[in-house]
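Enquirer: Heads up: the protein sequence lines correspond to chains Z and F, in order. In this text, residue positions in the first sequence follow numbering that gives the first Met the number 0: the first is 0, and each later residue adds one. In this text, residue positions in the second sequence follow numbering that gives the first Met the number 0: the first is 0, and each later residue adds one.
No lab work stands behind these hints: they were computed from the structure. Note that CB positions come from ideal geometry on N, CA and C, so glycine has one too. A portion of the hints provided could be inaccurate.
Claimed, not checked - Result set (SDA-like, lysine to any residue): computed pairs, CA atoms no more than 25 Å apart in a straight line:
{"no.": "1", "chain 1": "F", "residue 1": "Lys-11", "chain 2": "Z", "residue 2": "Thr-75"}
{"no.": "2", "chain 1": "F", "residue 1": "Lys-58", "chain 2": "F", "residue 2": "Glu-31"}
{"no.": "3", "chain 1": "F", "residue 1": "Lys-14", "chain 2": "Z", "residue 2": "His-13"}
{"no.": "4", "chain 1": "F", "residue 1": "Lys-58", "chain 2": "Z", "residue 2": "Pro-149"}
{"no.": "5", "chain 1": "F", "residue 1": "Lys-34", "chain 2": "Z", "residue 2": "Gly-125"}
{"no.": "6", "chain 1": "Z", "residue 1": "Lys-61", "chain 2": "Z", "residue 2": "Thr-22"}
{"no.": "7", "chain 1": "Z", "residue 1": "Lys-78", "chain 2": "F", "residue 2": "Met-41"}
{"no.": "8", "chain 1": "F", "residue 1": "Lys-11", "chain 2": "Z", "residue 2": "Val-110"}
{"no.": "9", "chain 1": "F", "residue 1": "Lys-14", "chain 2": "Z", "residue 2": "Leu-150"}
{"no.": "10", "chain 1": "F", "residue 1": "Lys-34", "chain 2": "Z", "residue 2": "Ile-73"}
{"no.": "11", "chain 1": "Z", "residue 1": "Lys-123", "chain 2": "F", "residue 2": "Gly-61"}
{"no.": "12", "chain 1": "Z", "residue 1": "Lys-78", "chain 2": "Z", "residue 2": "Glu-40"}
{"no.": "13", "chain 1": "Z", "residue 1": "Lys-61", "chain 2": "Z", "residue 2": "Lys-143"}
{"no.": "14", "chain 1": "F", "residue 1": "Lys-34", "chain 2": "F", "residue 2": "Gln-52"}
{"no.": "15", "chain 1": "Z", "residue 1": "Lys-61", "chain 2": "Z", "residue 2": "Cys-103"}
{"no.": "16", "chain 1": "Z", "residue 1": "Lys-143", "chain 2": "F", "residue 2": "Gly-21"}
{"no.": "17", "chain 1": "Z", "residue 1": "Lys-143", "chain 2": "F", "residue 2": "Asn-39"}
{"no.": "18", "chain 1": "F", "residue 1": "Lys-34", "chain 2": "Z", "residue 2": "Thr-22"}
{"no.": "19", "chain 1": "Z", "residue 1": "Lys-143", "chain 2": "F", "residue 2": "Met-41"}
{"no.": "20", "chain 1": "F", "residue 1": "Lys-34", "chain 2": "Z", "residue 2": "Cys-103"}
{"no.": "21", "chain 1": "Z", "residue 1": "Lys-47", "chain 2": "Z", "residue 2": "His-18"}
{"no.": "22", "chain 1": "Z", "residue 1": "Lys-61", "chain 2": "Z", "residue 2": "Asn-82"}
{"no.": "23", "chain 1": "F", "residue 1": "Lys-34", "chain 2": "Z", "residue 2": "Thr-75"}
{"no.": "24", "chain 1": "F", "residue 1": "Lys-14", "chain 2": "Z", "residue 2": "Arg-154"}
{"no.": "25", "chain 1": "Z", "residue 1": "Lys-47", "chain 2": "Z", "residue 2": "Pro-74"}
{"no.": "26", "chain 1": "Z", "residue 1": "Lys-78", "chain 2": "Z", "residue 2": "Thr-39"}
{"no.": "27", "chain 1": "F", "residue 1": "Lys-58", "chain 2": "F", "residue 2": "Leu-35"}
{"no.": "28", "chain 1": "Z", "residue 1": "Lys-143", "chain 2": "F", "residue 2": "Glu-22"}
{"no.": "29", "chain 1": "F", "residue 1": "Lys-34", "chain 2": "Z", "residue 2": "Pro-149"}
Unchecked claim - What follows is a set of in silico ranges between Cβ atoms, one per label pair, in the way DEER data are often shown:
{"no.": "30", "chain 1": "F", "residue 1": "Asp-10", "chain 2": "Z", "residue 2": "Glu-21", "range": "40 to 46 Å"}
{"no.": "31", "chain 1": "Z", "residue 1": "Ile-37", "chain 2": "F", "residue 2": "Asp-10", "range": "47 to 53 Å"}
{"no.": "32", "chain 1": "Z", "residue 1": "Val-62", "chain 2": "F", "residue 2": "Glu-19", "range": "32 to 38 Å"}
{"no.": "33", "chain 1": "Z", "residue 1": "Asp-108", "chain 2": "F", "residue 2": "Ser-5", "range": "37 to 43 Å"}
{"no.": "34", "chain 1": "Z", "residue 1": "Gln-119", "chain 2": "F", "residue 2": "Lys-14", "range": "24 to 30 Å"}
{"no.": "35", "chain 1": "F", "residue 1": "Glu-19", "chain 2": "Z", "residue 2": "Ser-114", "range": "30 to 36 Å"}
{"no.": "36", "chain 1": "F", "residue 1": "Asp-44", "chain 2": "Z", "residue 2": "Glu-40", "range": "23 to 29 Å"}
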Amino acid sequence: MNSQNEELIWQVRHFVYLHIAETTRPPSVDETATHFSISTEEASELYKELHNRHALFLDVDKVAIRMANPFSGIPTDFKVHANGKTYFANCAWDMLGIPAALHCDAVIDAVCTESNESVQLEVKDGQIYAQGGVPAAEDGGLSKLLVHFPLPFARWYDDLVFT
Amino acid sequence: MLLFRSEEWVDKWCKRNNLERGEILSVQQVWELSKLWYGNRMSLDYHGRSMEQVAEIFKQAGLASKFWYL
Numbered sequence: 000m001n002s003q004n005e006e007l008i009w010q011v012r013h014f015v016y017l018h019i020a021e022t023t024r025p026p027s028v029d030e031t032a033t034h035f036s037i038s039t040e041e042a043s044e045l046y047k048e049l050h051n052r053h054a055l056f057l058d059v060d061k062v063a064i065r066m067a068n069p070f071s072g073i074p075t076d077f078k079v080h081a082n083g084k085t086y087f088a089n090c091a092w093d094m095l096g097i098p099a100a101l102h103c104d105a106v107i108d109a110v111c112t113e114s115n116e117s118v119q120l121e122v123k124d125g126q127i128y129a130q131g132g133v134p135a136a137e138d139g140g141l142s143k144l145l146v147h148f149p150l151p152f153a154r155w156y157d158d159l160v161f162t
Numbered sequence: 000m001l002l003f004r005s006e007e008w009v010d011k012w013c014k015r016n017n018l019e020r021g022e023i024l025s026v027q028q029v030w031e032l033s034k035l036w037y038g039n040r041m042s043l044d045y046h047g048r049s050m051e052q053v054a055e056i057f058k059q060a061g062l063a064s065k066f067w068y069l
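Okay, chain F solo, but in the shape it has when bound:
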């Protein structure tokens, strides 16, 4: 996942690499997702997560488009 200054730069990068545009989130959205995704990563009890748990995180982060389907 790469950082861009604007959607225009995303489109330039996609065109140059012959790729379709994926999903674009603001830094604020990614911060909220990060807290849910990585908040327990340092714990001994973290043993990965189930698809159901992943789906719940995406739901809590407000990521509901087909892009985030499991």
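Just chain Z, with the same shape it has in the complex:
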């Protein structure tokens, strides 16, 4: 890839993230093509290159963005309410990744696996709180909430959906 395309590929990545932040959903290939005044085929190739570099995760058959971590392109059990919008996160880590990426306060609605219990967390001024405004570090209930990483880091990209 030449240096001009190298610059464009990262501009496309940036556009994708700004689009999600603004609309809560990833842009289609057509929307990205229109934004950069390039063909749909060129935009598809740039999406695939970002996928190959683990900068996006595509539903390859549709050339649609499934994940732009921490954001999910499809609905999940991890909803993040921030800046007057509702985003979907890919997982329990990414539900915290969204306010971290956007540098904003957020209210998170999530479902615990196996117990199916709904929980709500709040991120405010860079701190995380349980329902009722108790700081996470001081709350017995919240501190028992756990995130399970099933695979070691070396295997995260073997199967990103499972991870």
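Once you have looked at the hints, place chain F on chain Z.
Expert: Using the frame of chain Z, we list chain F on its own:
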């Protein structure tokens, strides 16, 4: 990465899916990791990161077990 109410529920899930238990972090730990991992994700200058940068993030987040080896 899934959210669980307790280690007991993690073990039930692992058993039901015939998987070994991975690494378990508190929500507070994951929040600290998130700020390091995702803090610059919206920037035009973010072009992914090297293994050395990943290792530094894990170190700053206090994740030192073999699970986090690159």
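Enquirer: If a hint holds in the structure, say so; if it does not, say that too.
Expert: Results for each hint:
With a C-alpha separation of about 22 Å, the suggested pairing of F/Lys-11 with Z/Thr-75 holds against the 25 Å cut-off. Pair hint F/Lys-58 plus F/Glu-31 holds up; C-alpha atoms about 12 Å apart against a cutoff of 25 Å. Distance restraint check for F/Lys-14 and Z/His-13: the Cα-Cα separation of roughly 41 Å exceeds the 25 Å cut-off, and the hinted pair is therefore not satisfied. Taking the CA atoms of F/Lys-58 and Z/Pro-149, the gap is near 20 Å; set against the 25 Å cutoff, the hint holds.
Between F/Lys-34 and Z/Gly-125 the CA atoms are separated by roughly 9 Å; this keeps the pair inside 25 Å, and the hint holds. Proposed proximity of Z/Lys-61 and Z/Thr-22 is supported: the alpha carbons are some 20 Å apart, at most 25 Å. The straight-line distance between the Cα atoms of Z/Lys-78 and F/Met-41 is roughly 19 Å, inside the 25 Å bound, and the hint therefore holds. At most 25 Å may separate the alpha-carbon atoms for a hinted pair to count; F/Lys-11 and Z/Val-110 meet this at roughly 16 Å.
Proximity of F/Lys-14 to Z/Leu-150 is assessed by CA-CA distance (about 15 Å); at most 25 Å being required, the pair is judged to hold. A hinted pair counts as satisfied when its Cα atoms are at most 25 Å apart, and F/Lys-34 with Z/Ile-73 qualifies at roughly 23 Å. Restraint check for Z/Lys-123 and F/Gly-61: the C-alpha separation of about 23 Å stays at or below 25 Å, so the hint holds. The suggested pairing of Z/Lys-78 with Z/Glu-40 is violated, with an alpha-carbon distance near 33 Å, which exceeds 25 Å.
A C-alpha spacing of about 40 Å is found between Z/Lys-61 and Z/Lys-143, which places the hinted pair above 25 Å, so the restraint is violated. Between F/Lys-34 and F/Gln-52 the alpha-carbon distance is near 14 Å, which keeps this suggested pair within the 25 Å criterion. Distance check on the hinted pair: Z/Lys-61 and Z/Cys-103 sit about 32 Å apart at the alpha-carbon level, beyond 25 Å; violated. Between Z/Lys-143 and F/Gly-21 the CA atoms are separated by roughly 17 Å; this keeps the pair inside 25 Å, and the hint holds.
Of the supplied pair hints, the one linking Z/Lys-143 and F/Asn-39 is violated, its CA atoms being roughly 29 Å apart against a limit of 25 Å. Among the hinted pairs, F/Lys-34 with Z/Thr-22 is consistent with the structure: their alpha-carbon atoms are about 22 Å apart, no more than 25 Å. Only pairs whose Cα atoms come within 25 Å are accepted, and Z/Lys-143 paired with F/Met-41 is rejected, the gap being roughly 31 Å. Using a Cα cut-off of 25 Å, the hinted pair F/Lys-34 and Z/Cys-103 holds, with the two alpha carbons roughly 11 Å apart.
For the hint linking Z/Lys-47 to Z/His-18, the alpha-carbon distance of about 18 Å falls within 25 Å, and the restraint holds. Our distance criterion of 25 Å between C-alpha atoms is broken by Z/Lys-61 and Z/Asn-82, whose separation comes to about 30 Å. As the CA atoms of F/Lys-34 and Z/Thr-75 are separated by approximately 22 Å, the hinted pair is consistent with the 25 Å bound. The suggested pairing of F/Lys-14 with Z/Arg-154 holds, with an alpha-carbon distance near 20 Å, which does not exceed 25 Å.
Simply put, Z/Lys-47 and Z/Pro-74 have alpha-carbon atoms about 22 Å apart, close enough for the 25 Å limit, and the pair holds. The hinted pair formed by Z/Lys-78 and Z/Thr-39 fails the criterion: a straight-line CA distance of about 31 Å is larger than 25 Å. Proximity of F/Lys-58 to F/Leu-35 is assessed by CA-CA distance (about 11 Å); at most 25 Å being required, the pair is judged to hold. In summary, the hint linking Z/Lys-143 to F/Glu-22 is supported, as the alpha carbons are separated by about 15 Å, within the 25 Å threshold.
Between F/Lys-34 and Z/Pro-149 the CA atoms are separated by roughly 21 Å; this keeps the pair inside 25 Å, and the hint holds. Range check, F/Asp-10 to Z/Glu-21: about 41 Å between beta-carbon atoms, so the 40 to 46 Å window is met. At about 51 Å, the CB distance of Z/Ile-37 to F/Asp-10 agrees with the hint of 47 to 53 Å. In this structure the hint that Z/Val-62 and F/Glu-19 lie 32 to 38 Å apart at CB holds, the actual value being about 35 Å.
The given range of 37 to 43 Å is broken by Z/Asp-108 and F/Ser-5, whose C-beta atoms sit roughly 20 Å from each other. Distance hint check for Z/Gln-119 and F/Lys-14: the Cβ-Cβ separation is about 28 Å, which falls inside the suggested range of 24 to 30 Å. Here the CB-CB span from F/Glu-19 to Z/Ser-114 is close to 21 Å, at odds with the stated 30 to 36 Å. Remark: the range hint 23 to 29 Å for F/Asp-44 to Z/Glu-40 is upheld by a beta-carbon distance near 28 Å.
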